[in-house]
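Each chain, letter by letter, is given below.
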Amino acid sequence: MKTAQLGTELAAGGSAVVLEDKIDLLGYRRDTSIAPGGNPAAAVIARNVEDVVAAVTAANRRKVPLYVRAAGSTYAGGANPCDGAIVLDVSALNRVLKIDEERGLVLVEPGVTYGALLAELSARGLTLGVVPLTGAAGTVGGAIASHGLGTGSPRYQSTADEVAGLEVVMPTGELLRTGSAALAEAGFFARYAVGPDLTGMFLGANGCLGVITGIALWVHPKPEYQETFAVGFPDYESGARFISALQLKDLTHNLWYGAGYEDKAIEGRVMAARPQVDRSALPRFCLALDARGTREDVARDRARIVAESGRFGGAEFAVFDEIFFSRLRRDQSFWYSYAGYFARSMCALLMCSMANETIPRFFGAIECNREACPQFIWAGGLVLCRRGVHGAVIVFYDERQQWNEIREASERCCRDLLAIGCVPYKSGRVWAPMMDRFGRYHTTLARLKKTLDPNAIMSPQILGL
Amino acid sequence: MPQGEIRTALAQAAEPFVENLYHCLRCNYCVEMHWEERAIRHVCPTLVHHNPAPGYSGKGYLAAARAIFEGEELPINSLVERFFNCTTCGNCEEVCPVGLKPAHLVKQIRAAMVAQGLAPAPIASIGANVVERHNPAGAPAEARNRWAEGLDGVSASAATLYLPGCAASYDAPAEARATVSVLRQIGVPLRLLPPGQAHCCGAPLSEIGYAAEAENQRAGLRAAIAASECRSVVTSGAECLESLVGAQLGNEREVVHAFDLLERAVAERRVAFEAKADIAVPGVVGLLDSCHLSKKSHGPKAAAEYPRRIRELLSRLGCKTATVADDANYAVCCGAAGGMPSVSPQSAARMAEGKLQAFARSGAAVVLTASPLCAAHLRRSHTAGLPSLMGLFEFIDSHFRLRSVSP
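Line order of the protein sequences matches chains A and B. Taking the working numbering, the leading residue of the first sequence gets 1, the next gets one more, and so forth. Taking the working numbering, the leading residue of the second sequence gets 1, the next gets one more, and so forth.
Incorrect hints may appear among the rest.
[Said to hold, decoys possible] BS3-like mimics (lysine-lysine), calculated; alpha carbons at most 27 Å apart, straight line:
no., chain 1, residue 1, chain 2, residue 2
1, B, Lys-301, B, Lys-107
2, A, Lys-22, A, Lys-63
3, A, Lys-22, B, Lys-296
4, A, Lys-22, B, Lys-107
5, B, Lys-320, B, Lys-296
6, B, Lys-301, B, Lys-101
[Said to hold, decoys possible] What the simulated footprint calls covered on chain B by chain A, stretch by stretch (three residues with Cβ under 8 Å from a Cβ of chain A suffice, anywhere in the stretch; the number is not a length):
no., region
7, 37-45
8, 73-87
9, 265-272
I should point out that these hints are in silico values taken from the structure, not numbers from a laboratory. Since the model is a prediction, treat every value here as computed from it, not as a measurement. All residues carry an ideal CB built from backbone N, CA and C; glycine is no exception.
From just these sequences and the hints, can you work out the full model?
What follows is the structure in structure tokens.
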């Protein structure tokens, strides 16, 4: 069939912009990851649900792979199409549909950026529990579809946990509403309703099982007060045991964000800003925390957390907060820190989750890779959750000179991480070659996909499916 | 021209930017972002008002240039269409978290396209107009100083040379006249170059890819300025300021925007303002931030915080500047520059209308700008119900009486 007819079919929803010029399609080849991209045959900028249905229907009719994306700023390859595919761009589906203060949620389209959404919520004294590093340009749909745990949160755990329900165009073109909204008369107010949690099925699925067209997110009152502080530890083991104590004793209640830094990051930042500091006295591991709530609650929790750190050989590490962390958390400055990773050069971001006791081995694995591949600059960091932590391995590389090398090194590193019990939380294409490590989980997922997507059009190869 | 030769020429043009090409992380900041705390709400006027396809974005230009550099065969006509539908405002560079320079790349690729004879007809027409008549609109060269006829404050012996710029001379003469009037009132008489010597400064040519011709124009102007022996050169053109600063007029010669002189007089307490009795000063005005005066990609003068300083002056005059949907450093372009009004006039008009509508929502009754280029463009796109438009000096001259005072 001729391309012109494909364009007509894709535009059948009435409002879509169909792109078939090679120059426009360059922008749809890749996301921010090191996963290789493909050359799509066409892209559709959808402006309403009908456009999405038309694209899915056309892809089904032709049995052409369809990949969904919004900003494409994620770093696991989940938005990268294969050759000849159709890319469904939902970034223009960007309306905040309803802020429902009675129900404590906001209903949005997938293409709304966190920046735009936060601005609307802020005007009403509301905010979101978890905001991803990509938030200035990153979209809500992209974050949750790529299992965007955001920056993670000790209080709220993850972006996915903040989703109250979804509207999804299924691979066959039907519209599904999950959670309480399965009953039209009820609408969104409870995620766990009727039966099993179908919402979770689409979170982190990278569009493999359907196209998310509506999202209900929980909203929260904007805390009246914010304060940051840091605690340092002599080694990773002590830090890991402290994190477990913090979580078990529920001292995370007013912590909206927490990040763990390895020795090299601590040393680099502190010595650059305060060269007079005694290098040998610096902690090897540091946990920096962003506490929010009432001034009294924050002061109380801070005192308890610092005291608790003392039981594990830790102590308040004020200089780290002063020179770095307090600035990072000011006015969403961490949005530039995401991109700031890339300020030095391109980098591979390998994201995983782990139990607290794995933390020392996680940093050990980074050290091993550092030694094995000294041609790259390796860094690692943690994000604190309500339970467990997320880990990020950051590998700086030169895209022009080291493109093949970095992909090999990253895959080796991913395998090392799996071997010590780190599991990917942004899988996309980067971890796809290793999905067979997840045994029955993966085969069940594949069966589920086959049932829901009989023509196998939705994001083939992503998640190893 | 054979396609192979064109591709080679374009690849060579992309080469100086090779680090940029391989450093774009595709974060999408240059496409669409919203950052309330930094007053960033939208980035690219072309994506908003011309075409939403990523091929028209900063990252799209980088991707296309990388593909060209790697020898990929891209449709030349589409490339030309995309690269000439950028306003070169530089907002993509302003927001880029890793400091990439897509707007500079666009100008470089345009230059290669022009050299290969690929300039779109309206662009070629601008090029020819400047070369033949020394102004982009193709207006008669001898009419350049017509705006100044019968005007006080112009003197053949003045030490300060006034180059209003093509936009003020031909399209916004009221701003040129008001500038002379205001500067006269603060004790700065101005000299004009005779029409035959008053070349275009090359700014519009640099933006549309006529780099060599731009330099020729600058050289002509440089010679005329040198012959004038004026130590101080003042312009009204925001884009001219960038071009003149880069024109190497000599260390001994100061190049300033007219606002600089007014601000200096205010700072030195050499001027007093008195509101005219017959016209009410609006309490709230809108200020359109010219990209050439606010975005760092337009050189050192643009980093000098003109929007903030102009707001401070307006505040001294009792005018509050309206809060609009974007802020100086990240203001979305009004569509006046980069050849946009010629290549895609409807899109450029939408850009202008979008700006004026934002000011209308802010409650501003009048919108001011220190750029005659923007003023002329906005006037052309003005429709009923939108706030009126005035040049900054036009506003000051019509609402205030200035007098020199002893510091």
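Results for each hint:
no. : hint                     : result
1   : B:Lys-301 with B:Lys-107 : holds (19 Å)
2   : A:Lys-22 with A:Lys-63   : holds (21 Å)
3   : A:Lys-22 with B:Lys-296  : violated (32 Å)
4   : A:Lys-22 with B:Lys-107  : holds (21 Å)
5   : B:Lys-320 with B:Lys-296 : holds (25 Å)
6   : B:Lys-301 with B:Lys-101 : holds (18 Å)
7   : 37-45                    : holds (count 4)
8   : 73-87                    : holds (count 5)
9   : 265-272                  : violated (count 0)
The structure fails to meet hints 3 and 9 from the earlier list, while all remaining hints are met.
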